[in-house]
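Engineer: For the protein sequence lines, the chains are A and B, in the order given. Under numbering that gives the first Met the number 0, think of the first position of the first sequence as 0, with each following residue one higher. Under numbering that gives the first Met the number 0, think of the first position of the second sequence as 0, with each following residue one higher.
Worth flagging that the hints you see were computed from the coordinates, not collected in a lab. Errors might be hidden in some of the hints.
The list cannot tell twin chains apart, which means a pair is met if one copy fits it or any two copies do.
Here are the computed lysine to aspartate or glutamate pairs in the EDC-like style, where the Cα-Cα straight-line distance is at most 20 Å [claimed, not checked]: (1) LYS322 x GLU14; (2) LYS143 x GLU201; (3) LYS225 x ASP113; (4) LYS385 x GLU25; (5) LYS336 x GLU299; (6) LYS36 x GLU343.
Protein chains: 2
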Amino acid sequence: MYKTLLVILDGLGDEYVKELNGTPLEYVKNEINNFNKLASEGITGMMYPIEPGVPPSSDTAHLTIFGYDMKKEYSGRGVFEALGAGLNLEEGQVALRANFGTVVERDRQLIVVDRRAGRISGRDADILARDLQKHLEEKGLPVKFIHTLEHRGVLVIKPEEGELSSKITDVDPHEVNTPIYASQPFENIGEEEKIKAIKTAEILNRVVKESYLFLKDHPVNAEREKRGELPANVVLTRGAGLITRYEPFKDRWGYKAAFVAAGPLYRGIAMALGMEPINVIGATGTPSTNLENKFKGVLEAFRRGYDFVFLHIKGTDNLSHSKKAREKAMFIKEIDKHLSILFEILDDTVIAITGDHTTSSVKGKHMGLPVPILIHAPGGRFDDNKFFDETDCINHGGLGFIHGRNIMPVLLDLSDRANELGIRTSPKPVFYIGAGGTPLKL
Amino acid sequence: MYKTLLVILDGLGDEYVKELNGTPLEYVKNEINNFNKLASEGITGMMYPIEPGVPPSSDTAHLTIFGYDMKKEYSGRGVFEALGAGLNLEEGQVALRANFGTVVERDRQLIVVDRRAGRISGRDADILARDLQKHLEEKGLPVKFIHTLEHRGVLVIKPEEGELSSKITDVDPHEVNTPIYASQPFENIGEEEKIKAIKTAEILNRVVKESYLFLKDHPVNAEREKRGELPANVVLTRGAGLITRYEPFKDRWGYKAAFVAAGPLYRGIAMALGMEPINVIGATGTPSTNLENKFKGVLEAFRRGYDFVFLHIKGTDNLSHSKKAREKAMFIKEIDKHLSILFEILDDTVIAITGDHTTSSVKGKHMGLPVPILIHAPGGRFDDNKFFDETDCINHGGLGFIHGRNIMPVLLDLSDRANELGIRTSPKPVFYIGAGGTPLKL
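Generate the whole structure from the sequences, applying the supplied hints.
Structural biologist: Here you go:
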């Protein structure tokens with residue numbers, strides 16, 4: 000049995016970018032020798048995170064890749080955001096991603112100017128969040144709002160009279176020059192759920208309204224405007240999630256897992272599945288992250304006895320969203336430089352490298368196109384692919400086109416942990432190899 | 000957001016044909032420069048309409064490609080045939096495809112000699128159909144029979160005393176030198192359904208018997224036999240369908256859709272989904288169709304404000320069924336010539352070209368093999384495929400092997416209409432982009 004490392008380069012897949020005459024990966028394909036070494040010695044392919052044409056969010060993609068069924072087990076994004084932000088959560092609470100945004104008032108409506116408040120960050124956001132929380136408490140609203148990274152924050156609604164529901168629509172309209180919409184219950188839900196959802200949406204809508212009424216006149220925003228920056232004068236929520244318990248990764252796959260990730264969402268996902276954090280200095284969840292420390296963190300995790308490590312690198316996705324294709328290519332080259340840190344564990348570790356989805360550097364958004372994947376496994380099968388880019392993984396990939404849900408079984412198989420189908424002695428084979436049940440006595 | 004054109008070349012996929020040293024597409028692969036241009040600039044792959052090894056009928060394939068679930072939503076083929084024939088239908092009626100065929104009487108049985116009555120068409124078929132309808136009315140049968148194209152027709156059974164059922168077997172034995180079988184209820188249906196099905200089958204069996212008794216002595220058939228042609232002396236039915244309402248294409252996918260198609264079946268499918276017809280002069284649903292007008296009809300549809308057009312070309316399938324591989328290849332070259340008509344819309348339109356299934360020019364029948372697909376999208380991803388044929392789409396296709404059910408999501412994604420999974424503001428995300436719910440009032 001081998002150890003297993005899953006490296007997710009967020010938003011790795013891309014479209015053809017005219018300026019680069021290829022995708023970012025194709026543009027640097029002759030300069031990423033460490034990726035190419037692993038691709039040459041390993042097996043490659045393409046991976047549809049969910050299904051062809053379905054653009055996943057990062058959390059739905061990660062959950063699927065970790066082997067959880069989106070349709071049956073997804074709690075909503077807010078749960079991960081809140082966990083990743085370090086909040087203590089209790090079952091029955093509803094957590095939401097809550098970004099600072101910029102709106103203008105027109106005809107009693109709030110029109111979205113910027114969904115990220117000019118990518119506000121640091122002290123400004125901290126002060127605004129702290130003061131807003133005080134204001135919401137004074138207004139008697141049963142919520143907790145905190146700032147996390149850049150323009151991002153988390154809102155938790157606590158149940159006071161009766162249960163809450165996460166079956167409510169987003170306040171964030173997901174585009175600009177459009178009014179903010181009131182949250183409302185999903186259509187097609189039962190009567191009982193609807194009553195809970197109406198109550199939850201009411202609290203949420205009051206929070207959003209109060210956030211505008213309070214933030215619009217806050218001195219921090221006055222100063223921002225003086226400096227020519229956009230004010231953070233509203234909180235835009237999305238991805239309501241009811242705090243629920245996921246089956247632990249260990250119970251499902253048998254691995255004792257740790258993670259190296261800085262982005263709160265990814266930390267939250269890993270924590271929801273019971274993975275243990277390995278915190279490294281300089282990890283930021285942005286292109287300026289300390290890659291060396293992150294890769295060294297992986298080695299540290301294995302040294303501490305974990306047999307599965309999830310390494311998440313976010314910068315690739317950020318640069319795609321900003322349509323910085325060339326910078327994305329350069330960041331991939333940077334990652335390639337540090338990839339050699341892993342070479343000392345090649346003999347006893349299965350290493351998979353892929354993305355959670357395609358983020359087009361042309362359109363600046365997630366797409367449902369497939370993502371290159373490489374898996375380097377001791378004694379693992381070889382295809383004749385020599386490069387880690389889209390075209391070569393398409394034309395020479397020995398895995399073919401797989402789905403996100405296939406990744407965990409493939410990793411179990413290549414790390415010598417899978418039992419043959421049909422001869423399983425238990426629905427949880429990994430745990431019970433040689434240890435399940437009672438020995439037969441003569 | 001881009002407009003979307005879906006071109007279905009019926010029965011496009013094929014097998015290796017010895018005489019051509021390849022499939023028809025492979026035979027002309029160096030002569031179809033317009034197809035190749037779109038393939039080179041776009042993304043390609045192979046498409047299994049249903050599942051590997053499952054040969055679809057044209058209607059089940061089209062429905063699946065349009066994103067409807069065959070297992071749950073299929074009404075039966077007759078519904079489409081009747082709609083496509085321009086019949087006014089009412090809920091509760093049962094419609095069937097009803098072909099003219101040729102039988103001989105032997106031991107009081109009717110043995111099928113030809114399932115298409117020597118591909119009878121035109122005036123002969125019109126007269127026979129008109130006179131047969133009169134005869135059936137005189138016999139008091141609650142049915143409507145009309146001739147459509149070539150040997151094809153449609154039979155509609157109207158409910159008189161109690162409800163009808165479409166759960167009845169085909170009268171058409173689907174092969175020659177075999178007796179016609181009486182229609183009977185499906186096995187494994189409930190008691191209530193069985194009573195309806197018995198009644199429906201009884202009416203149908205009387206119609207088929209009367210069709211023989213009446214047509215065998217009809218003067219048109221006497222003349223046909225004098226000319227050495229096969230008589231159309233029976234009506235063979237199949238694909239019973241209960242008139243039902245499909246969820247409109249617009250509600251499901253958000254597109255305002257039109258279609259350019261001549262074959263009644265395809266017109267019927269499009270109409271059943273609420274697509275609007277764009278009728279063009281010279282469209283026949285055969286290899287002699289006016290291709291130029293059909294492609295120009297597509298441009299006209301977009302000019303009229305539709306944002307989705309379904310263009311259907313039937314000739315490829317007809318020639319495969321007749322085992323005319325070389326003619327199929329030549330017809331594909333003809334299509335290629337007119338494909339350039341579409342080049343003026345490349346900048347703002349996603350164009351997908353594929354078949355609904357493989358029709359083997361060797362075996363003359365539908366097969367469950369995959370079909371080449373190309374998608375040209377503005378800013379769309381490039382693989383390094385330069386040709387639109389089976390082998391190149393297999394070896395270089397960046398979509399890999401997808402399924403018919405994936406096509407609509409892929410088109411939504413590439414036309415910038417898809418919402419990320421997990422951030423949906425409503426169960427029907429496409430409709431609610433920027434439009435969901437009520438503006439939040441201050």
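Engineer: Confirm or reject each hint.
Structural biologist: Against the structure, the hints:
Within a single copy, LYS322 and GLU14 get their C-alpha atoms as close as 11 Å, which meets the 20 Å cut-off; across copies the closest is 40 Å, which misses it. Proximity of LYS143 to GLU201 under the C-alpha cut-off of 20 Å is restricted to the intra-copy arrangement: shortest distance 16 Å within a copy versus 57 Å between copies. Only within a single protomer do LYS225 and ASP113 lie at most 20 Å apart by alpha-carbon distance; the minimum there is 17 Å, versus 81 Å between protomers. In this homomeric assembly, LYS385 and GLU25 come within 20 Å of each other (Cα to Cα) both inside a single copy, at 13 Å, and across copies, at 18 Å.
For a Cα distance limit of 20 Å, the shortest separation of LYS336 from GLU299 inside one copy, 19 Å, qualifies, whereas the shortest one across copies, 54 Å, does not. With identical chains, the CA atoms of LYS36 and GLU343 are at most 20 Å apart within one copy only, with a shortest distance of 14 Å there and 44 Å across copies.
Hint violations for this structure: none, all hints satisfied.
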